Amino acid sequence: MKRYIVRRLLSLVPVALGVASLTFALIHLIPGDPVIAMLGDNASNADIVGLRQRLGLDRPLWDQYAAFLYGLAHGDLGRSILTNEPVARLIAERFPATLELAIAGLAIAILIALPLGFAAGANPGRPIDLGAMSFAILGISIPHIYLGPLLMIVFSLDLGWLPLTGRGGLSHLVLPALTLGAALAAILARMLRQSLAAAGEADYIRTALAKGRSRLAALVHHGLRNAISPVVTLLGLQLGGLLTGTIVTEIIFSWPGLGRLLITAISARDYPLVEGCVLTFALTYVLVNLVTDLAYALIDPRVRIE
Amino acid sequence: MKRRAFNASLMIGASLVATLVLCAIAGPLVVRVNPDAIDLARTLAPPGPGHWLGCDALGRDLLARILWGARISVGVSSIVIALSLIAGSLIGGFAALAGGRIDELVMRAVDIVLAFPGFLLAIALAAILGPGLPDLVIALAAMGWTSYARLVRGEVLALRERDFAVAASALGARPARLLLRHLLPALSGPLMVQASFGIGGIIVAEAALSFLGLGVMPPAPSWGNMLDAGRAFILVAPHLTTAPGVAIGLAVLGFNLLGDGLAQMIGSRPV
Amino acid sequence: MMPLLLSAVVGCRSGAGAPPSGYLQVDIDTSPLALDPRLGTDAMSSRVGELVFDALARVDEHQEFAGDLAASIERSAPTAIVFHLRPGLRFSDGRPLTARDIKYTYDSILAPGSLSPRAAMFSELAAIETPDSATVILKTHRPYAPALTLATVGVVPYGTPIVPHGAAPVGSGPFAVEAFARDDRVVLRRNPYRLAALGTPRGIVFKIVPDPTVRALELAEGVCDLVENLIQPDLLGYLQRRPALAIDRFPGTAYQYLAFNFRDPRLKDLRVRRAIAYALDRRAIVDHLFHRTARVANGMLAPENTYYFGGVTTYPYDPARADSLLDKAGYPRGASGWRALAFVYKTTPEGERLAEAFQAMLGRVGIRLRIRVNEFGAFYGDIQRGNFDLMSLQWVGISDPHQYRMVFDSRQTPPRGLNRGAYSNPAMDRLVETGDSTLDRAARRAIYRQVQRLAADDLPYVSLWWQDNVVVMDRGLEGFRPYPNGSLRSLADVSRGPRAHVERGP
Chain W
1 MKRYIVRRLL SLVPVALGVA SLTFALIHLI PGDPVIAMLG DNASNADIVG
51 LRQRLGLDRP LWDQYAAFLY GLAHGDLGRS ILTNEPVARL IAERFPATLE
101 LAIAGLAIAI LIALPLGFAA GANPGRPIDL GAMSFAILGI SIPHIYLGPL
151 LMIVFSLDLG WLPLTGRGGL SHLVLPALTL GAALAAILAR MLRQSLAAAG
201 EADYIRTALA KGRSRLAALV HHGLRNAISP VVTLLGLQLG GLLTGTIVTE
251 IIFSWPGLGR LLITAISARD YPLVEGCVLT FALTYVLVNL VTDLAYALID
301 PRVRIE
Chain A
1001 MKRRAFNASL MIGASLVATL VLCAIAGPLV VRVNPDAIDL ARTLAPPGPG
1051 HWLGCDALGR DLLARILWGA RISVGVSSIV IALSLIAGSL IGGFAALAGG
1101 RIDELVMRAV DIVLAFPGFL LAIALAAILG PGLPDLVIAL AAMGWTSYAR
1151 LVRGEVLALR ERDFAVAASA LGARPARLLL RHLLPALSGP LMVQASFGIG
1201 GIIVAEAALS FLGLGVMPPA PSWGNMLDAG RAFILVAPHL TTAPGVAIGL
1251 AVLGFNLLGD GLAQMIGSRP V
Chain Z
2001 MMPLLLSAVV GCRSGAGAPP SGYLQVDIDT SPLALDPRLG TDAMSSRVGE
2051 LVFDALARVD EHQEFAGDLA ASIERSAPTA IVFHLRPGLR FSDGRPLTAR
2101 DIKYTYDSIL APGSLSPRAA MFSELAAIET PDSATVILKT HRPYAPALTL
2151 ATVGVVPYGT PIVPHGAAPV GSGPFAVEAF ARDDRVVLRR NPYRLAALGT
2201 PRGIVFKIVP DPTVRALELA EGVCDLVENL IQPDLLGYLQ RRPALAIDRF
2251 PGTAYQYLAF NFRDPRLKDL RVRRAIAYAL DRRAIVDHLF HRTARVANGM
2301 LAPENTYYFG GVTTYPYDPA RADSLLDKAG YPRGASGWRA LAFVYKTTPE
2351 GERLAEAFQA MLGRVGIRLR IRVNEFGAFY GDIQRGNFDL MSLQWVGISD
2401 PHQYRMVFDS RQTPPRGLNR GAYSNPAMDR LVETGDSTLD RAARRAIYRQ
2451 VQRLAADDLP YVSLWWQDNV VVMDRGLEGF RPYPNGSLRS LADVSRGPRA
2501 HVERGP
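Chains as they are written, first to last, in my numbering: chain W, 1 to 306; chain A, 1001 to 1271; chain Z, 2001 to 2506.
Just so you know, not all the hints are guaranteed correct.
[To be verified] Label pairs and their in silico Cβ distance ranges:
(1) Z/R2263 to A/G1100: 56 to 64 Å
(2) W/D76 to A/R1032: 34 to 42 Å
(3) Z/R2333 to W/A37: 50 to 58 Å
(4) A/A1037 to Z/E2350: 45 to 53 Å
(5) W/A217 to A/G1154: 37 to 45 Å
(6) W/S44 to A/G1154: 54 to 62 Å
(7) Z/R2333 to W/L130: 45 to 53 Å
[Claimed, not checked] Negatives, chain Z to chain W, calculated, CB over 12 Å:
(8) A2043
(9) F2065
(10) T2200
(11) L2217
(12) A2320
(13) S2336
(14) P2349
[Claimed, not checked] Chain Z side only, calculated, beta carbon under 7 Å to chain W, not exhaustive:
(15) A2119
(16) A2120
(17) S2123
(18) E2124
(19) I2208
(20) D2211
(21) N2374
(22) E2375
(23) R2385
Hints in this document: simulated from the structure, not taken from any laboratory.
Quick caveat, the model's predicted, so the values are computed rather than measured.
Positions of the beta carbon are idealized from the N, C-alpha and C atoms, including for glycine.
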């Protein structure tokens, strides 16, 4: 087990490096001159040369790459060209809000998926199964960009229960988290239902029934335990979507997080800030994948033996 | 798990997709209203006779814009899926057939791209490449090709050892011919299922990029940028949001159900 | 289970941070950039700054200059204006305000290496003299008619350094800054050294609410007491139906224009500019997009301005005429209906709707408009660097026709002045320079009549409209006085009448 953990942690380095390099490469994909893209066609020569120097774009490529990695290792992501503030600081200010939203989204997804999936899986073929699964397929199909406004219209404007936008207390978190987590909830519910329905026909259920235990208890005991593995796998695949889903959700709800910062930076052609935000998102994703891999290893012994 | 004799998902899904494609192709021909024609006197008009879905913030007919938006959604996603499918399959297939170091190299590259969250890659590329349809297609295609590469590589590795493949190889078929004429057709089932879910994902991704101002540019009516434009008027004209939102939802629902149905048909578990 | 969970987290929809009792809440859309009057040149900084800082003179409700800190103003010589200060002036921390503070304020702006962007506006200022602690003399290099525009800078205490992103300085206005959380709110509390009538606000909270729907909702729910000019006209009908709200509309001087970039040879052709002017249906935009909360404009100065002259060329909507002008200018329609004319129009997300309206209208006459949307900072940078073909903005708070020189004089290109389109017309240059140095009112009026005629004929800008000031407020607020330039100074004197105690809930 320990060896597996160590191996996975070690693999973090090349993956993180790869991701960082890809991000670095993106800036150099800008068609034309990135400095002119940032300042505009009629910028003065002095402005252009000045910015080019500041961003180190006049140095050879390997030099820039080395400087980029050095800066990364020291937490220096350059400065925003618009406000001249350090990118790392701007990101650090906004990141907690995104984290809060993502965790809330995950929590709501699990809270919804567990009862829904279980109820459906324990009663396959019955109306509750069909109802829950129809709900689920809807949840997967409605995109964030519509679900958000829909929830706003119903719960904020028409019913007046919840605030419309912005970050504040718990009541401000409900609609954004629901928007973010709905699709994940639907996918999880379907997966859970699948696992449970399959488990319901397994031998050990019959054994348990023979022993006098209720079907429900047997399902909970064996079925859920067996479902954990595919659920964790699924989570591992879907958490990336959850993370990037925060970008659109933050825009809809004026949530002051990293996603909104990214979009504003793009709109401002502030490429150092764009690079910093993309890097932060990507590295977070790598970390999340690592954690889920480790969690999966904890659950499924077969993985460790490989 | 019991196989349902009547594949509801396939039926409903196929109908929705067919309706969508029909709307995209024939819709603008039937509803002969210019989607870009503004009529300021009808700003934010609610649904009614003459404008069955109402009008937007500049008095443009919403129904016409939804139908043209269908063209954009279906058009862009088809091209993107085709590109992803072809590129991914070829790359994955050749990697599997070539084996050894090339296979390793290709899979490392795939891993690095996969270590990057897909939608983020699309946003970054769209932001960097700038506005324009070809750039949008590139950004979206970059999101999904890896899943086809992995699928095809996995299956080809397995199929490689099967009789028909060995026979063809023995008869002197070059790897390309082997791949294209024998192996890929055997994979058409799983590829179709994957593509079906994929199109739904691309439709949403394009809408999201347009929503964020990184995709289809106004005045062209993408369902995504229509949703963005409708946000400011949610208090007095929610129909601006409902129309494109329901359109996307139904389109994606159709492809998801189709995927489900196809998966049931070929026997793999729907998820 | 879900409804139970939901009801557990549901609270008052307005959320955290209700203002303290006796405080007014005013919602605004963006954060003031800087509360130091020497730094903040944006509209929001000025609005808030007017309540915190006094100046030698200000523009009053009748669009006339009147003494603020000055009890009397007189022109002692063509190049000198004398201000006699009121007695007993104090800053909000108790310090007396004397001529020394005023001189320091100006010196700190004009100091070499000063970070103040206002420095460029004071190039005509030669010296500031303070013969005694209650007298300030502003001396200009030449006879300078708009000299009073130099007197409108908020005054800070002697010795206050200019610190970007620093704390707000102390002022002598009716309020003082209690707290400034950028992107959240500005909190003002009453200046204890200024007399305040009973019942007037103990403080004002300027809450930054970027989402226009939320601003309307906060008004409707009674969370916010007043919003000026930042409610979308489409939402006014919704707000009008709320019995607890009152909507006040009065003429405004905010001037919306379409600017041309004269660095582009195609736009140098007057026929093209005239065609664009005829192609825009301003009446329809004002009627339907603004719901008549604006007046179609024929020039930069609104009718409320004493120098206004209405006898100028106007451009009623006439797409046929635009077509023929473009044909004559050598841009015939191609087979597709488009002409060989495509322009880049830059705007911000807030301006996108208008941009698409322009795009459609110009499209009708065969001109292709490419819209580029950027966040305000990048947009503003583009404008300053001349990186646009067409763009539309607003001039707010024009008081003196000196503005014509700032925007149309060929030497006033950025960063020095406001001529972002690099317009160059020797006749205009001569007129506006003479206008600055002509002190006789009647003669000056004659000059600016010519200026307004020339501006309408030569079209450096297409005049779009003058935006009304629309104030939506709690019906119980009494004493709000409208200023044509949109100033909120009268907030210091409003009070809640007895009708205000209506229970309003979410």
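For each hint, the structure was consulted:
{"no.": "1", "hint": "Z/R2263 to A/G1100: 56 to 64 Å", "result": "holds, 60 Å"}
{"no.": "2", "hint": "W/D76 to A/R1032: 34 to 42 Å", "result": "violated, 59 Å"}
{"no.": "3", "hint": "Z/R2333 to W/A37: 50 to 58 Å", "result": "violated, 33 Å"}
{"no.": "4", "hint": "A/A1037 to Z/E2350: 45 to 53 Å", "result": "violated, 24 Å"}
{"no.": "5", "hint": "W/A217 to A/G1154: 37 to 45 Å", "result": "holds, 39 Å"}
{"no.": "6", "hint": "W/S44 to A/G1154: 54 to 62 Å", "result": "holds, 56 Å"}
{"no.": "7", "hint": "Z/R2333 to W/L130: 45 to 53 Å", "result": "violated, 60 Å"}
{"no.": "8", "hint": "A2043", "result": "holds, 19 Å"}
{"no.": "9", "hint": "F2065", "result": "holds, 36 Å"}
{"no.": "10", "hint": "T2200", "result": "holds, 30 Å"}
{"no.": "11", "hint": "L2217", "result": "violated, 6 Å"}
{"no.": "12", "hint": "A2320", "result": "holds, 35 Å"}
{"no.": "13", "hint": "S2336", "result": "holds, 27 Å"}
{"no.": "14", "hint": "P2349", "result": "violated, 8 Å"}
{"no.": "15", "hint": "A2119", "result": "violated, 20 Å"}
{"no.": "16", "hint": "A2120", "result": "violated, 17 Å"}
{"no.": "17", "hint": "S2123", "result": "violated, 21 Å"}
{"no.": "18", "hint": "E2124", "result": "violated, 26 Å"}
{"no.": "19", "hint": "I2208", "result": "violated, 10 Å"}
{"no.": "20", "hint": "D2211", "result": "holds, 5 Å"}
{"no.": "21", "hint": "N2374", "result": "holds, 6 Å"}
{"no.": "22", "hint": "E2375", "result": "holds, 4 Å"}
{"no.": "23", "hint": "R2385", "result": "holds, 5 Å"}
In the structure shown, a violation is registered for the earlier hints numbered 2, 3, 4, 7, 11, 14, 15, 16, 17, 18 and 19, in ascending order.
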